[in-house]
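K.L.:
Sequence:
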Amino acid sequence: MTPSKRRFLPLLLLFSLSALFILSYHSSFNLFFASNNNDTQLTNFKIHQNHNPNSSNFTLTIKLLAFDRLHSITRCLRSLANADYGNDRVNLHVYIDHFKEIDFVNGSVILDQKLQESTRILDFVDGFLWKFGDKFVHYRTGNVGLQAQWLEAWWPSWDEWTTSLPLLWKMIWKFHHFIISFSGL
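Residue numbers (the working numbering): 15 to 199.
I should point out that these hints are in silico values taken from the structure, not numbers from a laboratory.
One thing to keep in mind: the hints can contain errors.
What the hints assert, rightly or not - The list that follows gives simulated cross-link-like pairs (lysine-lysine, DSS-like), each with its CA atoms no further than 25 Å apart:
id, residue 1, residue 2
1, K184, K145
2, K77, K114
3, K145, K128
4, K145, K77
Being a predicted model, the structure only gives us computed values, none of them experimental.
Build the full structure now, drawing on both the sequences and the hints.
P.N.:
Set out below in C-alpha coordinates:
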(Lines of atoms letter the chains of each structure in order from A and count residues from 1; the text may use other names and numbers.)
(Lines give C-alpha, C1' and ligand atoms only; values in the text may rest on other atoms or scores of the structure.)
Protein backbone atom coordinates (compact mmCIF):
# COMPACT_ATOMS: atom_id res chain seq x y z
CA MET A 1 0.00 0.00 0.00
CA THR A 2 1.27 3.46 -0.88
CA PRO A 3 1.73 6.01 1.92
CA SER A 4 -0.87 8.77 1.86
CA LYS A 5 1.73 11.47 1.18
CA ARG A 6 2.88 9.76 -2.01
CA ARG A 7 -0.68 9.52 -3.36
CA PHE A 8 -1.01 13.31 -3.33
CA LEU A 9 2.36 14.00 -4.96
CA PRO A 10 1.05 13.61 -8.56
CA LEU A 11 -1.94 15.78 -7.66
CA LEU A 12 0.32 18.47 -6.22
CA LEU A 13 2.58 18.30 -9.27
CA LEU A 14 -0.39 18.54 -11.63
CA PHE A 15 -1.81 21.50 -9.71
CA SER A 16 1.54 23.31 -9.77
CA LEU A 17 2.05 22.74 -13.49
CA SER A 18 -1.54 23.71 -14.25
CA ALA A 19 -1.22 26.93 -12.28
CA LEU A 20 2.04 27.73 -14.08
CA PHE A 21 0.40 27.01 -17.44
CA ILE A 22 -2.58 29.24 -16.68
CA LEU A 23 -0.40 32.08 -15.40
CA SER A 24 1.92 32.00 -18.39
CA TYR A 25 -0.69 31.78 -21.14
CA HIS A 26 -3.18 34.46 -20.24
CA SER A 27 -3.68 37.20 -22.81
CA SER A 28 -5.03 40.13 -20.86
CA PHE A 29 -3.70 41.89 -17.79
CA ASN A 30 -5.33 43.98 -15.08
CA LEU A 31 -3.61 45.36 -12.04
CA PHE A 32 -4.23 44.69 -8.41
CA PHE A 33 -3.37 47.99 -6.82
CA ALA A 34 -1.56 47.98 -3.53
CA SER A 35 -2.80 49.92 -0.56
CA ASN A 36 -2.06 53.65 -0.50
CA ASN A 37 0.58 53.36 2.20
CA ASN A 38 2.81 51.10 0.12
CA ASP A 39 6.05 52.73 -1.09
CA THR A 40 5.98 50.77 -4.32
CA GLN A 41 2.53 51.85 -5.40
CA LEU A 42 1.82 52.88 -8.95
CA THR A 43 2.69 56.52 -9.50
CA ASN A 44 2.10 56.95 -13.18
CA PHE A 45 -0.07 54.57 -15.16
CA LYS A 46 -0.39 54.95 -18.90
CA ILE A 47 -1.93 52.67 -21.46
CA HIS A 48 -1.40 53.68 -25.05
CA GLN A 49 -3.93 51.96 -27.29
CA ASN A 50 -3.24 51.26 -30.93
CA HIS A 51 -5.60 48.75 -32.49
CA ASN A 52 -4.49 46.87 -35.58
CA PRO A 53 -7.56 46.36 -37.83
CA ASN A 54 -5.97 43.36 -39.57
CA SER A 55 -5.24 41.40 -36.40
CA SER A 56 -6.42 37.85 -35.85
CA ASN A 57 -7.72 36.44 -32.57
CA PHE A 58 -4.19 35.65 -31.39
CA THR A 59 -2.70 38.09 -28.88
CA LEU A 60 0.82 38.08 -27.51
CA THR A 61 1.89 40.10 -24.49
CA ILE A 62 5.56 40.96 -24.09
CA LYS A 63 6.57 41.91 -20.56
CA LEU A 64 9.82 43.82 -20.22
CA LEU A 65 11.40 44.23 -16.78
CA ALA A 66 13.76 47.22 -16.67
CA PHE A 67 15.95 48.94 -14.11
CA ASP A 68 18.50 51.67 -14.80
CA ARG A 69 20.27 50.86 -18.06
CA LEU A 70 19.02 53.22 -20.75
CA HIS A 71 21.21 51.71 -23.47
CA SER A 72 19.89 48.18 -22.81
CA ILE A 73 16.26 49.29 -22.68
CA THR A 74 16.68 51.28 -25.89
CA ARG A 75 18.29 48.37 -27.73
CA CYS A 76 15.67 45.90 -26.48
CA LEU A 77 12.67 48.07 -27.38
CA ARG A 78 14.05 48.89 -30.82
CA SER A 79 14.67 45.19 -31.49
CA LEU A 80 11.12 44.37 -30.44
CA ALA A 81 9.74 47.14 -32.66
CA ASN A 82 11.72 45.84 -35.66
CA ALA A 83 10.44 42.27 -35.28
CA ASP A 84 7.83 40.88 -37.67
CA TYR A 85 4.65 39.88 -35.85
CA GLY A 86 2.58 39.38 -38.98
CA ASN A 87 -0.95 40.63 -38.44
CA ASP A 88 -1.09 39.45 -34.83
CA ARG A 89 -1.77 41.81 -31.97
CA VAL A 90 1.21 42.24 -29.62
CA ASN A 91 0.87 44.18 -26.37
CA LEU A 92 3.92 45.59 -24.61
CA HIS A 93 4.10 45.87 -20.82
CA VAL A 94 7.16 47.69 -19.46
CA TYR A 95 7.91 47.52 -15.72
CA ILE A 96 10.54 50.03 -14.59
CA ASP A 97 12.03 49.56 -11.12
CA HIS A 98 13.33 52.51 -9.10
CA PHE A 99 16.94 52.77 -8.00
CA LYS A 100 17.94 51.86 -4.45
CA GLU A 101 17.87 54.46 -1.70
CA ILE A 102 20.96 56.66 -1.43
CA ASP A 103 22.33 58.34 1.70
CA PHE A 104 21.34 62.01 1.28
CA VAL A 105 24.28 63.36 3.30
CA ASN A 106 27.06 61.64 1.37
CA GLY A 107 25.40 60.92 -1.95
CA SER A 108 23.74 64.09 -3.24
CA VAL A 109 25.78 64.03 -6.47
CA ILE A 110 25.02 60.35 -7.01
CA LEU A 111 21.35 60.99 -6.27
CA ASP A 112 21.22 63.74 -8.91
CA GLN A 113 22.85 61.42 -11.46
CA LYS A 114 20.39 58.62 -10.68
CA LEU A 115 17.40 60.98 -10.95
CA GLN A 116 18.63 62.28 -14.31
CA GLU A 117 19.15 58.74 -15.59
CA SER A 118 15.66 57.74 -14.41
CA THR A 119 14.16 60.78 -16.13
CA ARG A 120 15.89 59.87 -19.41
CA ILE A 121 14.62 56.29 -19.17
CA LEU A 122 11.04 57.36 -18.42
CA ASP A 123 11.08 59.96 -21.21
CA PHE A 124 12.34 57.40 -23.72
CA VAL A 125 9.82 54.72 -22.74
CA ASP A 126 6.92 57.20 -22.72
CA GLY A 127 7.88 58.54 -26.14
CA PHE A 128 8.52 55.11 -27.66
CA LEU A 129 6.00 54.33 -30.42
CA TRP A 130 4.53 50.83 -30.22
CA LYS A 131 2.35 50.19 -33.26
CA PHE A 132 1.48 46.52 -32.73
CA GLY A 133 -0.95 46.82 -29.81
CA ASP A 134 -1.29 48.45 -26.40
CA LYS A 135 1.71 49.82 -24.54
CA PHE A 136 1.54 49.69 -20.74
CA VAL A 137 4.19 51.44 -18.62
CA HIS A 138 4.46 50.81 -14.87
CA TYR A 139 6.74 53.15 -12.89
CA ARG A 140 7.83 52.44 -9.34
CA THR A 141 8.53 55.00 -6.62
CA GLY A 142 10.71 52.63 -4.61
CA ASN A 143 13.11 49.81 -5.37
CA VAL A 144 11.53 46.36 -5.11
CA GLY A 145 14.06 44.16 -6.91
CA LEU A 146 13.83 41.63 -9.68
CA GLN A 147 11.80 39.02 -7.81
CA ALA A 148 8.95 41.40 -6.96
CA GLN A 149 9.00 42.84 -10.48
CA TRP A 150 8.75 39.37 -11.99
CA LEU A 151 6.02 38.18 -9.63
CA GLU A 152 3.87 41.25 -10.22
CA ALA A 153 4.36 41.07 -13.97
CA TRP A 154 2.80 37.60 -14.09
CA TRP A 155 0.11 38.05 -11.45
CA PRO A 156 -3.29 37.14 -12.94
CA SER A 157 -6.28 39.43 -12.77
CA TRP A 158 -9.40 38.50 -10.83
CA ASP A 159 -11.29 37.87 -14.07
CA GLU A 160 -8.71 35.31 -15.16
CA TRP A 161 -8.89 33.52 -11.81
CA THR A 162 -12.69 33.33 -11.87
CA THR A 163 -12.60 31.97 -15.42
CA SER A 164 -9.75 29.51 -15.08
CA LEU A 165 -10.17 28.06 -11.58
CA PRO A 166 -13.36 26.05 -12.26
CA LEU A 167 -11.73 24.57 -15.36
CA LEU A 168 -8.56 23.79 -13.43
CA TRP A 169 -10.45 22.01 -10.65
CA LYS A 170 -12.40 19.93 -13.21
CA MET A 171 -9.14 18.93 -14.88
CA ILE A 172 -7.50 18.01 -11.56
CA TRP A 173 -10.56 16.03 -10.47
CA LYS A 174 -10.68 14.06 -13.73
CA PHE A 175 -6.94 13.41 -13.65
CA HIS A 176 -7.03 12.23 -10.04
CA HIS A 177 -10.10 10.07 -10.68
CA PHE A 178 -8.51 8.56 -13.79
CA ILE A 179 -5.26 7.71 -11.93
CA ILE A 180 -7.16 6.01 -9.10
CA SER A 181 -9.38 4.08 -11.54
CA PHE A 182 -6.45 3.10 -13.71
CA SER A 183 -4.25 1.90 -10.86
CA GLY A 184 -7.07 -0.09 -9.27
CA LEU A 185 -6.95 1.70 -5.92
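K.L.:
Against each hint, give a clear statement of whether it holds in the structure.
P.N.:
Outcome of the hint check:
1. For the proposed pair K184 and K145, the alpha carbon gap of about 39 Å is over 25 Å, so the pair is violated.
2. Proposed proximity of K77 and K114 is supported: the alpha carbons are some 22 Å apart, at most 25 Å.
3. Using a Cα cut-off of 25 Å, the hinted pair K145 and K128 is violated, with the two alpha carbons roughly 30 Å apart.
4. Only pairs whose Cα atoms come within 25 Å are accepted, and K145 paired with K77 is accepted, the gap being roughly 16 Å.
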